[in-house]
Each structure stands twice: as structure tokens, then as C-alpha cells.
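K.L.:
Sequence:
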Amino acid sequence: MTGTPLETTWLTLPELVEVLGEPLGRVRRLLDDSHLIGSRRNGPLAVPALFLVDDRPLSSLRGTVIVLHDAGFTDDEAIDWLLTPDDTIGVAPLEALRAGRKSEVRRVAQTLA
Numbered sequence: 000m001t002g003t004p005l006e007t008t009w010l011t012l013p014e015l016v017e018v019l020g021e022p023l024g025r026v027r028r029l030l031d032d033s034h035l036i037g038s039r040r041n042g043p044l045a046v047p048a049l050f051l052v053d054d055r056p057l058s059s060l061r062g063t064v065i066v067l068h069d070a071g072f073t074d075d076e077a078i079d080w081l082l083t084p085d086d087t088i089g090v091a092p093l094e095a096l097r098a099g100r101k102s103e104v105r106r107v108a109q110t111l112a
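Note that numbering that gives the first Met the number 0 numbers the sequence shown so that position 103 is 102, with each residue one more than the last.
Bear in mind the hints are in silico, worked out from the structure with no lab data behind them.
Only true hints are included.
DEER-style ranges, computed between Cβ atoms: (1) G89 to L23: 34 to 42 angstroms; (2) G62 to T7: 16 to 24 angstroms; (3) R28 to D86: 30 to 38 angstroms; (4) P13 to S102: 29 to 37 angstroms; (5) G42 to D86: 28 to 36 angstroms; (6) P22 to T87: 36 to 44 angstroms; (7) V18 to T83: 20 to 28 angstroms; (8) A112 to E17: 31 to 39 angstroms.
All values reported here derive from a predicted model rather than from experimental measurement.
Here a beta-carbon is modelled for each residue, glycine too, at the ideal position from N, C-alpha and C.
Please construct the entire structure, taking both the sequences and the accompanying hints into account.
P.N.:
Following this line, the structure appears as C-alpha cells:
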């Protein structure tokens with residue numbers, strides 16, 4: 000991995016409840032089911048706002064997170080990988096996912112195991 004991680008706002012659970020318009024239990028399920036992943040590195044659990052598109056979880060995020068977890072990544076490591084430019088992809092994996100390049104991102108993620 001090279002380059003500077005993407006800048007993103009971090010949303011806490013109460014902020015996610017507000018942005019998603021979903022009850023806390025549903026937001027927790029999105030986290031439990033890997034539709035979103037968060038980190039406690041800066042205090043309370045928070046999710047990068049870039050993981051949302053039109054106030055919904057990025058649809059291609061879940062499968063990619065599962066591939067990363069299968070490769071042995073923790074949530075923090077997966078977040079760092081997604082937000083940091085990757086030489087193989089040419090941009091941060093999350094940028095590629097947001098541009099519809101999920102197959103390419105998952106192919107690279109599978110090589111990390």
C-alpha cells in the first residue's frame with residue numbers, strides 16, 4: 000500500500016441512525032452482517048462516511064469486506080486497506096468500488112490472504 004489514505008468523516012452509531020433513517024438495531028445488524036464496518040480506534044464505534052452512497056451502505060462493500068475478513072483482516076485493517084491507494088488498482092480500493100470496479104478490487108483483495 001502506498002499513498003495517503005482518503006479523507007473521510009467518521010459517523011458514530013447515533014449519526015448513522017440519523018443518516019440512514021434506520022433504528023439502532025437495524026444499524027447494528029448492518030455492521031454484524033458486514034454491510035458496513037467500523038472502528039473504535041478514535042473512541043466510540045464509527046464508520047467512514049465514504050462507505051455510504053446516497054445515505055445507504057455502498058452495495059459492493061459487503062462482499063469485499065467478507066473477502067478481506069477471509070484473508071485474515073481485522074475491521075481496522077480492512078478499513079485502512081479500503082481507504083489507502085493501492086498500486087495494483089491505481090486508486091484507493093474504495094474509490095474503485097464507488098466507480099463500479101468491484102471485480103477488480105475483490106481480485107486484488109483475494110491475493111492478500
